[in-house]
Structure formats: structure tokens, C-alpha cells
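Student: Line order of the protein sequences matches chains A and B. Note that the numbering used here has the first sequence beginning at 1, numbered continuously upward. Note that the numbering used here has the second sequence beginning at 1, numbered continuously upward.
Each hint should be verified, as a subset may be incorrect.
What follows is a list of derived Cβ distance ranges for each label pair [said to hold, decoys possible]:
no., chain 1, residue 1, chain 2, residue 2, range
1, B, Ala141, A, Pro371, 53 to 61 Å
2, B, His250, A, Glu280, 51 to 59 Å
3, A, Lys6, B, Ile226, 40 to 48 Å
4, B, Gly201, A, Ile4, 32 to 40 Å
5, A, Asp12, B, Arg125, 38 to 46 Å
A few chain A positions that, by computed beta-carbon distances, are all more than 10 Å from chain B [what the hints assert, rightly or not]:
no., residue
6, Pro61
7, Val64
8, Gly89
9, Trp98
10, Glu139
11, Val153
12, Asp231
13, Thr281
14, Thr356
15, Ser363
16, Trp364
Coverage of chain A stretches by chain B, computed from C-beta distances (three or more under 8 Å per stretch; other residues unrestricted) [as the list claims (entries may be wrong)]:
no., stretch
17, 103-116
18, 282-294
In case anyone wonders, no lab produced these hints; they're calculated from the structure. Given the structure is predicted, the values throughout are model-derived calculations rather than measurements. Every residue gets a Cβ at the ideal spot worked out from N, C-alpha and C, and that includes glycine.
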Amino acid sequence: MAWIEKQRNILDFALSSLVRRWGKNLALVMVYTVIVFVLASILFMTHSIKREASLILRGSPEIVVQRILAGRHDLTPGRYIEKLAKIPGVREVKGRLWGYYYEPSTGANYTMIVTDEHRENVGTIAIGAGVARSSDVREGDMIPFRSSDGSYVSFEVTGVLTPESELVASDVIEVSERDFRSLFAMPEGYFTDLTLKVRNRKEVVVVADKIRRLLPDTRPILRDEILRTYDAIFDWRSGLLIVVFTGAILAFSIFSWDKATSLSFEEKKEMGVLKAVGWETSEVIAMKSWEGIVVSLTSFLLGVILAYMHVFFGSSILFMPVLKGWSVLYPHFKLVPYVDPYQLAALFFLTVVPYTAATIIPSWRAAIIDPDSVMRL
Amino acid sequence: MIMHPAVISLFVGSVLVCLMVLYSARYGATILTRWDLRSGSELQLTLERKTYLISTIMSYVFVFQLFSLFLFIFTADKLSTLFTGAMCAAGTLNVNNFGYPTMVLKVINFILGGMWLVLNHADNRAFDYPLIKKKYLLLMAIAPFVIAETIVQGAYFLNLKAHVITSCCGSLFSTEGEGIQAGLAGFPVIPMKILFYGAMGLTCLAGLYFYIKGRATGVFFSLMSIVTFGVSVAALISFISVYFYELPTHHCPFCILQGEYHYAGYPLYLALLCGAVGGTGVGTLFPFRKIESLKDAIPLIQKRLTLMTLLSYLLFTAVTTGAIIFTDFRLDGY
Numbered sequence: 001m002a003w004i005e006k007q008r009n010i011l012d013f014a015l016s017s018l019v020r021r022w023g024k025n026l027a028l029v030m031v032y033t034v035i036v037f038v039l040a041s042i043l044f045m046t047h048s049i050k051r052e053a054s055l056i057l058r059g060s061p062e063i064v065v066q067r068i069l070a071g072r073h074d075l076t077p078g079r080y081i082e083k084l085a086k087i088p089g090v091r092e093v094k095g096r097l098w099g100y101y102y103e104p105s106t107g108a109n110y111t112m113i114v115t116d117e118h119r120e121n122v123g124t125i126a127i128g129a130g131v132a133r134s135s136d137v138r139e140g141d142m143i144p145f146r147s148s149d150g151s152y153v154s155f156e157v158t159g160v161l162t163p164e165s166e167l168v169a170s171d172v173i174e175v176s177e178r179d180f181r182s183l184f185a186m187p188e189g190y191f192t193d194l195t196l197k198v199r200n201r202k203e204v205v206v207v208a209d210k211i212r213r214l215l216p217d218t219r220p221i222l223r224d225e226i227l228r229t230y231d232a233i234f235d236w237r238s239g240l241l242i243v244v245f246t247g248a249i250l251a252f253s254i255f256s257w258d259k260a261t262s263l264s265f266e267e268k269k270e271m272g273v274l275k276a277v278g279w280e281t282s283e284v285i286a287m288k289s290w291e292g293i294v295v296s297l298t299s300f301l302l303g304v305i306l307a308y309m310h311v312f313f314g315s316s317i318l319f320m321p322v323l324k325g326w327s328v329l330y331p332h333f334k335l336v337p338y339v340d341p342y343q344l345a346a347l348f349f350l351t352v353v354p355y356t357a358a359t360i361i362p363s364w365r366a367a368i369i370d371p372d373s374v375m376r377l
Numbered sequence: 001m002i003m004h005p006a007v008i009s010l011f012v013g014s015v016l017v018c019l020m021v022l023y024s025a026r027y028g029a030t031i032l033t034r035w036d037l038r039s040g041s042e043l044q045l046t047l048e049r050k051t052y053l054i055s056t057i058m059s060y061v062f063v064f065q066l067f068s069l070f071l072f073i074f075t076a077d078k079l080s081t082l083f084t085g086a087m088c089a090a091g092t093l094n095v096n097n098f099g100y101p102t103m104v105l106k107v108i109n110f111i112l113g114g115m116w117l118v119l120n121h122a123d124n125r126a127f128d129y130p131l132i133k134k135k136y137l138l139l140m141a142i143a144p145f146v147i148a149e150t151i152v153q154g155a156y157f158l159n160l161k162a163h164v165i166t167s168c169c170g171s172l173f174s175t176e177g178e179g180i181q182a183g184l185a186g187f188p189v190i191p192m193k194i195l196f197y198g199a200m201g202l203t204c205l206a207g208l209y210f211y212i213k214g215r216a217t218g219v220f221f222s223l224m225s226i227v228t229f230g231v232s233v234a235a236l237i238s239f240i241s242v243y244f245y246e247l248p249t250h251h252c253p254f255c256i257l258q259g260e261y262h263y264a265g266y267p268l269y270l271a272l273l274c275g276a277v278g279g280t281g282v283g284t285l286f287p288f289r290k291i292e293s294l295k296d297a298i299p300l301i302q303k304r305l306t307l308m309t310l311l312s313y314l315l316f317t318a319v320t321t322g323a324i325i326f327t328d329f330r331l332d333g334y
């Protein structure tokens, strides 16, 4: 108990000494906060995008099968569907029709896709929110498309896809099967690729292996592989950003080292008085440590709160282009707030540890000042 | 190498800790060769002042070490999605030969750091630095371990390549596998339970006796606390984890750190580590009880450490026994 009481008093003194030099400490806290803010923004953003991607992919088919011709993705014949459906454990095989359409007037690439809901609605399309924004169309408007033989076909917009799906469906145009085949002159009986649903998740790898043997000219892509690749890419991007900011962390460490080393005459005198009235070296070090803890905690919390607001309320305007990549039709979306202790621990190691390491020796230097040498000045 | 933010932060952290320990070891070497309390030379004065710096540095190192141990396991857990076949930290640590050594080194360094702080604390109680040379000898012994940890951890992260097929925790800790971990998992449950509760009981009794009477069972208690640490980890893999997962084939010691199991692993591992540090601390201080200036201080410190170990181990036993009793899951017949 006596120990706690003593530390409380030292902390009390440390706080009042911080307030007495508020100008210098405010500058330090501000720089510190900015560093924490930048790194926390990167971490929060990466994590949320990864979560978003995994939530979206959760509903997607377990396996996608693409036909490969000379190492390139080629159209898949419809007869492959029957062959794949015979593999035990496969619940459903479907042919997918999709492709890209470049629109010169907006400079954007649309993803044209035939969905189950829209398969029969000839002459109409449903568009993603990004398409609606970029070409400024609403429900009931007509949009012309240039088909593969050079002629123009117009489709009526019968719906704009809901904003919840914007991350995946921003650039999507849903079109009927007949319109899709005539627009791109795609032969009957062929599909862009095939999707498989597998009854038991644990059998996915076995099924993929069977597909490779049954149809050697195809490439099965597993959902887990896609997820893993997303994870790796986003981790890599955020890691790269952090490496870029390592310079800033280093500069900050030097800055805090310098701040802690360059004691003013007043501060030196204060140390001298403390020692003269009976403070021990270890107690002065404890006081300096408390100062460091107060500065670190304040900046850490401020930085994390600001980063939280920046990422989840401000759509992380500062770093988003680097992390998510860029495109004309980029989706507008708000990330779901999510912070876990793990990110905070990583952040702690990137900011508080370097700061502490940089200030240990200067605070010790301050603590060993000889009372008589400073008070004589 | 995987450029994950946590990997970078662990890397930065361990390099900093390594530098801090090396800096301390450098002065440790000078103290070992040049320390002379009777001398009033400038060097002696500087060294006396440096001891304050080094104890501060080592306290921070100890805290950072604890953080990095948990962050390391957590990171390994998070990275498991990048490796086919790895489902949690167990699989990720097995991706290359450096994963488990890094973890073991982290635990060893944490306990060694704790021992050093205990020694330092005792030394500071006396006016004439009676343990100064022993303390810095220990520091010189710790330094290579810390350097090794930084190198091994670096090698582990540098050799991580996503998509490598590894055994997942289900197979690594399953009863059919080979190796130490699998051997622990396959150990019959009833003898393991007897061993665990026996070791715990014996340690606590010895500790209690030592706490009340002083002397006598102290050395035995210290040795038993280390044995119990090992037995508890083995018990955790063998049967305790199984009760948490309610799945007789799942023996992973890392999954209990996850949210699905209410982060139960954190108090458990913290209690074990605290118990081990306290127990080894008691043992470390034994040879110095006769030193004149420490005659009063050491028994007091040992008592406190004993209490810490007793409370930690009791907490561990209470949590695990609670989990065993209050779950619907029954392991009878396995």
C-alpha cells in the first residue's frame, strides 16, 4: 500500500511538472499523436477491408472452374457441366456468363454479368450504383452499348442495385443471357467459367483434385485461395505503407530523444532541488517514467480515437487510394467499425516501444544530475 | 517474408530489446571487471550511476518481453489463413523450423528477465551492492539468449512463405502424430490428471510451509514450481484444453487464447508465467541469505515471491478445475 501511495505522489508531481512545461510537452504529444494516428489508420483500414472481403466471399461458390488454353483463360464448353456434376460431393454446377465492357465516354470498365434473377429479362438491365453515378442515369433511362459487330444496342435500366452491395457491385451491369450472347457474339453452349458448390467444406480440396484429373485443361480456383490471396495482398500493402512510415517513426524517436536530452536550465535546477531535498536517483527515474507513460498513453489514445474517426466515419480519405487500389468506378462504401486488442498491441510495439527506448537514457541522465553542480549555476 | 504490420512491429520490438540488453551487457562487462566499491574513482562513480540506468532498462525489457510473447502467438494465429492446412498458431509456427524455438526462447527470456529483476530488487535493499557481480554475470548470461531470440525470430519471419502446406493443429496435436507435442496429447488422461494435481498440491503445500515457517522446504518449493510449470503446460495440452474445446481430439494449446473460448488462455498462461518467475526467484535468492546486509531483506522478498507463486498457481488450478467441473463435457473413457 505504501508503495502505491508513493507512486501516486510521484505521478502527481510528474503531472504537475508536465503542465508547467505545457508548450514543450504539447508539441511532443502532437507529433506523437500524428504518428499513432497514421499507423492506426493503416491498421484499422486494412483489417476492415479484409473483413469486408471475407464477408462478401462467404456467400460465393466454393470452387470456380476456368478453362485454360495456352495458359490463357478461355470459354468453357457447356458439356463440362455434366462431367463435373458427376463428381461425388458436388451439389450444384452452374455456367457463368460475365465479361468486361469498356465505355469510352466515361473511361470506365463495366462488369457485364448474367444473374439468375435477370436471365430472362431481355432488353433491360440492372446497374450498380457506381455505373449510375458515372453515367448519370436513373431507373427508366436507356443506355446504348456498342456490340462486337459495331452496331449500337440500347437497354432500359429497370433497377439500380442496393447500396449494401456496393463494394462488389459498384461497376456491375446485370443483363439477360440472350442480350449478353448477342452483345459479345458469344457462341451458344459456351460459358465464361463454371461454379461449383460442394456439400462438405472439408472435401473441397479433394474435389478440386478430381477436377484437375477429369478435365486437365481447366483450372479450379478455391474460395479459400481467393481469400488467402486477398489477405496476403492487403497485409502486404499495409506492411509496405508501414515500412514507408518507418522513416517517420525513426524521426520521431530522434525528436523525442532530443526533447528529453535538451533540458532547460529550469528543468536542471528542478532536478537539482529534488535531489537536494532527498529524492533518490531511482525516484527521479520513476518520475520521468511516469511522465513518459502519461505522454505515451495520452498520445496513443488520442491517435487511436482520431484514426477510428478517420477510418470509420471519414472513409479514410487520406490513405484509401493506396490500400484499395484505384479505378474510375471505385465503390463508395463505409467500413464497419472493428478494432481488436491485437491491432492495438501491434501499434503499441510500433510507437510506444521506440519512444520509450529513445527516452530511457535521457531521463537517466536527468536523474543523475548532481544537486550542487546545478544549483551553483 | 510476410510484410504483415504485426510482423514488422515484432521485428522492430525485438531489435530494440536486443539493443537495450546489449547496451546493458556492455556496462555489465565493465562492472564485472572494474567494480570496486572502496574506490572513489570517476569510473566507479559512473558505474554506480549506470546501475540505475540498467535496472530501468531491464524493467522495460521485461515488460516488452511479456507483450511480445503474446503478440507473437497472436500473430502466428492471425497468419494461419495464409498457409494451407494451418488452422491456428500451431500450424503457423510449424511452417519452418524456427517457429517453436522462437516461442520457447521468448518464454525462457521472460523467466530469465524476471529472475534478474528479483536479484536486482534484492540487491537494491542492501547498502553495499552485495549481489552486483552475480547480477551482472546473470545479465551476461541472458544477453546471448536475447540475441538468439532476435535472430531466430528474424529467421522465422524471413522464411515464412505463404501457401506452404503445413500440419494444422488438428494433426500436429492429434493422438496419431509423432514428436513431443503429439506424445503429450496421447498421454493417458488419468495419470496426467494425477500428475498435474499431485505436482500442484505438492508445490502449494511446500510453498505454504515455507511461507509460514520460512527455510526448510524453500529449495524444494522452488524446484517444484519449475517442475509444475512444465507439468502444467503438458497437462494443458493433454487434457485441460480438451475440456475448454469440448472436443476429445483437439489438444491445441493456442486456440484457448481466442475469443471463442473467452480468451481463457491469457489468465492461464499469465498465471503460469508469474508462478514460474516467483518460484525461480525464490530459488535464485537462496544462496545469498547468509550475506550480512541482506539477512533481513531476502526472507521477506522470498515470502512475497512465494505468495505470488501460490496465488498464481492456485488461480491456474481454480480456472482449469472450474472449466472441468462446470462443462457438460465428460472425458471419461479416453
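Student: Confirm or reject each hint.
Tutor: Evaluation of the provided hints:
A hinted range of 53 to 61 Å is violated for the C-beta pair Ala141(B) and Pro371(A), which are about 37 Å apart. Remark: the range hint 51 to 59 Å for His250(B) to Glu280(A) is upheld by a beta-carbon distance near 53 Å. Between Lys6(A) and Ile226(B) the C-beta distance comes to about 33 Å, which lies outside the given range of 40 to 48 Å. The hint said 32 to 40 Å for the Cβ distance between Gly201(B) and Ile4(A), and at roughly 33 Å that hint holds.
Checked against the hint of 38 to 46 Å, the pair Asp12(A) and Arg125(B) fails, with Cβ atoms roughly 26 Å apart. Listed as outside the interface, Pro61(A) is consistent with that label: its C-beta sits roughly 19 Å from the nearest C-beta of chain B, beyond the 10 Å cut-off. Here Val64(A) stays apart from chain B, with its beta-carbon at least about 17 Å from theirs, past the 10 Å limit. With a closest Cβ-Cβ approach of about 19 Å to chain B, Gly89(A) is found to remain outside the 10 Å limit, as its non-interface label requires.
Residue-level check passed: Trp98(A) sits 27 Å from the nearest beta carbon of chain B, beyond 10 Å. Residue placement check: Glu139(A) keeps its beta carbon more than 10 Å from all beta carbons of chain B (closest about 40 Å). Annotated as non-interface, Val153(A) keeps its C-beta farther than 10 Å from every C-beta of chain B; the closest such distance is 44 Å. At roughly 5 Å, the least C-beta separation between Asp231(A) and chain B is not larger than 10 Å, which violates its mark as non-interface.
Non-interface call for Thr281(A) relative to chain B: violated, since the shortest CB-CB distance, roughly 5 Å, does not exceed 10 Å. Its closest Cβ contact with chain B, about 6 Å, brings Thr356(A) to no more than 10 Å, contrary to its assignment away from the interface. For Ser363(A), the shortest C-beta to C-beta distance to chain B comes to about 8 Å, within the 10 Å cut-off, and the non-interface label is violated. A beta-carbon of chain B is positioned within 10 Å of the beta-carbon of Trp364(A); the least distance is around 4 Å.
A count of 0 residues in the stretch 103-116 of chain A with a Cβ less than 8 Å from any Cβ of chain B is obtained; the coverage claim is therefore unmet, three being the minimum. With 3 residues carrying a beta carbon less than 8 Å from a beta carbon of chain B, the stretch 282-294 of chain A meets the three-residue requirement, and the given coverage holds.
In this structure, the hints that do not hold are numbers 1, 3, 5, 12, 13, 14, 15, 16, 17, in rising order.
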